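Participant: Each chain, letter by letter, is given below.
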Amino acid sequence: MNWTGFDTWIVVIGALCAAACALPGCFLVLRKMSMMGDAISHAVLPGLAIAFLVTGTRASVAMFLGAAVAGVLTALFTQWITRFGNVDRGAAMGIVFTTLFAIGLLLIRQAADHVDLDPGCVLYGAIELTPLDLVSLGGLPIPRAALVNGTVLLLNLGIIALLYKELKLSSFDPDLADTLGYPSQFLHYLLMTMVAVTTVAAFESVGSIIVIAMLIVPPATALLLTHDLLKMLLIAVGAAVLSALGGHLGALVVPGWFGFESTTTSGMIALAAGLVFTLAWLFSPKEGVLTRRFREKVGDPGSLPDTNTA
Amino acid sequence: MHTESLNTQSTFPTRHSEARPEHPPGIPLAIHDLTVAYHRKPVLWDIELNIPEGKLVGVVGPNGAGKSTLLKACLDLVPLSSGWAHIYGKPYRKNRHRVAYVPQRESVDWDFPVNAIDVVAMGAYRRVGWFRRVGKAENERAMEALEQVGIGHLARRQISQLSGGQQQRVFLARALMQDADLYLMDEPFAAVDAATEEAIVDLLRKLSERGKTCLVVHHDLATVTTYFDWLVLLNMRVVADGPAAETFTRDNLQKTYGGKLSLLEKAAEALRSTPH
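These protein sequence lines are chains A and B, in that order.
Here our numbering is used: the first residue of the first sequence is 1, the next is one more, and so on.
Here our numbering is used: the first residue of the second sequence is 1, the next is one more, and so on.
Worth flagging that the hints you see were computed from the coordinates, not collected in a lab.
Just so you know, not all the hints are guaranteed correct.
Straight-line alpha carbon distances no greater than 35 Å define the calculated DSBU-like cross-link-like pairs of lysine-lysine that follow [stated by the list, open to error]:
{"hint": "1", "chain 1": "A", "residue 1": "Lys286", "chain 2": "A", "residue 2": "Lys32"}
{"hint": "2", "chain 1": "A", "residue 1": "Lys165", "chain 2": "B", "residue 2": "Lys255"}
{"hint": "3", "chain 1": "B", "residue 1": "Lys206", "chain 2": "B", "residue 2": "Lys94"}
{"hint": "4", "chain 1": "B", "residue 1": "Lys136", "chain 2": "A", "residue 2": "Lys286"}
{"hint": "5", "chain 1": "B", "residue 1": "Lys55", "chain 2": "B", "residue 2": "Lys255"}
{"hint": "6", "chain 1": "A", "residue 1": "Lys165", "chain 2": "B", "residue 2": "Lys90"}
{"hint": "7", "chain 1": "A", "residue 1": "Lys286", "chain 2": "A", "residue 2": "Lys231"}
{"hint": "8", "chain 1": "A", "residue 1": "Lys231", "chain 2": "A", "residue 2": "Lys32"}
{"hint": "9", "chain 1": "A", "residue 1": "Lys32", "chain 2": "B", "residue 2": "Lys94"}
{"hint": "10", "chain 1": "B", "residue 1": "Lys41", "chain 2": "B", "residue 2": "Lys55"}
{"hint": "11", "chain 1": "B", "residue 1": "Lys55", "chain 2": "B", "residue 2": "Lys90"}
{"hint": "12", "chain 1": "B", "residue 1": "Lys41", "chain 2": "B", "residue 2": "Lys255"}
{"hint": "13", "chain 1": "B", "residue 1": "Lys41", "chain 2": "A", "residue 2": "Lys32"}
{"hint": "14", "chain 1": "B", "residue 1": "Lys136", "chain 2": "A", "residue 2": "Lys32"}
{"hint": "15", "chain 1": "A", "residue 1": "Lys165", "chain 2": "B", "residue 2": "Lys94"}
{"hint": "16", "chain 1": "B", "residue 1": "Lys136", "chain 2": "B", "residue 2": "Lys90"}
{"hint": "17", "chain 1": "B", "residue 1": "Lys206", "chain 2": "A", "residue 2": "Lys165"}
{"hint": "18", "chain 1": "B", "residue 1": "Lys206", "chain 2": "B", "residue 2": "Lys136"}
{"hint": "19", "chain 1": "B", "residue 1": "Lys94", "chain 2": "B", "residue 2": "Lys55"}
{"hint": "20", "chain 1": "B", "residue 1": "Lys136", "chain 2": "B", "residue 2": "Lys55"}
{"hint": "21", "chain 1": "B", "residue 1": "Lys206", "chain 2": "B", "residue 2": "Lys90"}
{"hint": "22", "chain 1": "B", "residue 1": "Lys255", "chain 2": "B", "residue 2": "Lys90"}
{"hint": "23", "chain 1": "B", "residue 1": "Lys55", "chain 2": "B", "residue 2": "Lys206"}
{"hint": "24", "chain 1": "A", "residue 1": "Lys286", "chain 2": "A", "residue 2": "Lys165"}
{"hint": "25", "chain 1": "A", "residue 1": "Lys165", "chain 2": "A", "residue 2": "Lys32"}
{"hint": "26", "chain 1": "B", "residue 1": "Lys41", "chain 2": "B", "residue 2": "Lys90"}
{"hint": "27", "chain 1": "A", "residue 1": "Lys231", "chain 2": "B", "residue 2": "Lys136"}
{"hint": "28", "chain 1": "A", "residue 1": "Lys297", "chain 2": "A", "residue 2": "Lys286"}
{"hint": "29", "chain 1": "B", "residue 1": "Lys55", "chain 2": "A", "residue 2": "Lys165"}
{"hint": "30", "chain 1": "B", "residue 1": "Lys94", "chain 2": "B", "residue 2": "Lys136"}
From a predicted model like this one, the values you see are computed outputs, not experimental measurements.
Work the whole structure out from these sequences, hints included.
Facilitator: Given below as structure tokens:
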């Protein structure tokens with residue numbers, strides 16, 4: 001294996017991207033809205049395309065605005081269709097995001113076909129190429145993807161640090177949040193905006209499908225390992241970084257075992273995230289499958305108290 | 001400022017009563033002409049209620065009678081088709097601090113990664129305000145509230161590892177944290193153990209002694225007259241309301257529960273077991 005500065009950047013970008021996704025992802029998982037991440041990550045496409053058509057550039061703030069608007073619209077349309085169309089939320093989501101995604105694809109095909117915004121890239125991303133696109137930060141050349149994903153990570157960190165209590169309350173008990181004067185709808189749409197913006201930042205690195213793995217898998221892993229929201233956020237970020245590192249290493253090394261060239265890193269990152277989840281599921285000190293079996297064998301009742309008293 | 005305008009109002013009783021009949025500002029909960037509909041189907045119809053201060057009020061009625069919706073309507077949690085509900089003479093949003101809400105236990109996910117004292121501290125969030133963290137003083141109050149409901153020793157336990165009764169106590173402690181004057185409780189007695197039931201009754205009595213008003217959705221007709229001193233019999237409309245002993249009659253129950261025979265028998269049984 002030949003590790004270069006290029007590889008370091010790929011891991012850094014993957015880690016920033018995965019960590020930025022894991023933070024809002026924790027709240028998606030806790031609100032039992034994991035698939036909303038899926039919906040939004042697809043539905044931002046028309047927002048991106050329209051912003052691109054209007055401004056003519058890819059690196060603009062307009063792209064993020066377009067995505068944020070599309071993300072909020074997804075959440076809004078889903079709610080409307082659920083309420084007025086008398087269908088369940090899953091079905092409503094399916095209607096909304098496929099329609100928006102289709103519009104996005106058509107826009108790209110019809111109007112932006114000659115430029116550098118291709119559907120393949122949208123689906124799978126091209127993290128291997130991201131270190132080539134450099135910008136200057138205080139005189140230092142760094143990949144634009146690192147800057148973008150780093151900024152979004154900081155933004156997400158800032159919002160969650162500022163509104164930790166409010167997000168916790170409205171995720172656990174939205175009715176109480178409303179009665180106490182913390183509008184749960186506002187916090188819901190704030191979270192949806194965070195997801196939309198984070199997804200767009202992650203888009204060109206890992207694409208709109210792998211990004212779902214980044215939103216959901218590390219938080220689900222963390223939930224297996226802790227009973228504390230703050231620790232959950234930290235562990236999710238840790239699992240995200242670990243997946244990025246393991247994913248890129250895997251992409252370089254594993255295909256060699258079978259006599260192939262290196263494979264796509266973003267796919268490997270998602271696979272690594274799944275692997276980390278499996279390990280947590282098996283060995284979690286809290287309720288790991290093997291941990292429990294081991295306890296039964298040894299006859300140690302474990303630290304779990306009896307919960308069935310009433 | 002609001003207090004001022006309220007005082008001005010109450011010095012002009014004639015004008016006031018003209019504008020809003022049966023609406024004395026000291027009344028914890030006054031409901032007038034209140035109708036709520038889901039998908040155009042009415043759930044509550046023309047509700048007219050005045051709940052007196054310091055009473056333990058039981059809200060009784062069959063499934064689907066709109067009991068939970070009545071509480072939610074008072075808290076601005078469901079849109080009203082008509083009418084209003086006023087808390088101590090003002091709309092809810094102007095008197096939030098005087099109301100505490102205990103939702104049904106199943107309304108939240110008890111696997112959520114927080115421990116008991118975290119949930120109780122949520123009752124202080126309105127006082128704490130946006131962006132600020134819960135301070136030491138509020139955490140101590142949360143601990144006291146947990147001790148008041150008898151589970152101080154479980155403060156650091158994750159909520160999924162509490163029994164149903166203990167989870168209900170956590171909710172009650174959270175309501176105590178809100179330090180309100182009016183408590184709206186949705187089936188606090190549902191599926192709890194005998195010790196918890198006793199603890200809740202005890203707590204309700206203590207609140208009532210301190211002049212607090214509690215509106216409690218209740219299912220067990222056998223205990224209605226022992227637990228509550230005021231009753232609201234509800235089945236989409238208010239069938240009857242008033243002092244428990246006078247309101248809990250066979251006739252009223254029949255009107256409330258209608259043709260549901262098994263329930264009627266239960267009611268008759270409950271009637272026989274009460275001293276009246």
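Participant: For every hint, state whether the structure bears it out.
Facilitator: A quick look at each hint next to the structure:
| no. | hint | verdict |
| --- | --- | --- |
| 1 | Lys286(A) - Lys32(A) | holds (21 Å) |
| 2 | Lys165(A) - Lys255(B) | violated (46 Å) |
| 3 | Lys206(B) - Lys94(B) | holds (27 Å) |
| 4 | Lys136(B) - Lys286(A) | holds (29 Å) |
| 5 | Lys55(B) - Lys255(B) | holds (24 Å) |
| 6 | Lys165(A) - Lys90(B) | holds (28 Å) |
| 7 | Lys286(A) - Lys231(A) | holds (14 Å) |
| 8 | Lys231(A) - Lys32(A) | holds (19 Å) |
| 9 | Lys32(A) - Lys94(B) | holds (32 Å) |
| 10 | Lys41(B) - Lys55(B) | holds (32 Å) |
| 11 | Lys55(B) - Lys90(B) | holds (19 Å) |
| 12 | Lys41(B) - Lys255(B) | holds (21 Å) |
| 13 | Lys41(B) - Lys32(A) | holds (29 Å) |
| 14 | Lys136(B) - Lys32(A) | holds (32 Å) |
| 15 | Lys165(A) - Lys94(B) | holds (23 Å) |
| 16 | Lys136(B) - Lys90(B) | holds (32 Å) |
| 17 | Lys206(B) - Lys165(A) | holds (31 Å) |
| 18 | Lys206(B) - Lys136(B) | holds (26 Å) |
| 19 | Lys94(B) - Lys55(B) | holds (23 Å) |
| 20 | Lys136(B) - Lys55(B) | holds (33 Å) |
| 21 | Lys206(B) - Lys90(B) | holds (26 Å) |
| 22 | Lys255(B) - Lys90(B) | holds (32 Å) |
| 23 | Lys55(B) - Lys206(B) | holds (11 Å) |
| 24 | Lys286(A) - Lys165(A) | holds (25 Å) |
| 25 | Lys165(A) - Lys32(A) | holds (19 Å) |
| 26 | Lys41(B) - Lys90(B) | holds (28 Å) |
| 27 | Lys231(A) - Lys136(B) | holds (20 Å) |
| 28 | Lys297(A) - Lys286(A) | holds (17 Å) |
| 29 | Lys55(B) - Lys165(A) | holds (34 Å) |
| 30 | Lys94(B) - Lys136(B) | holds (28 Å) |
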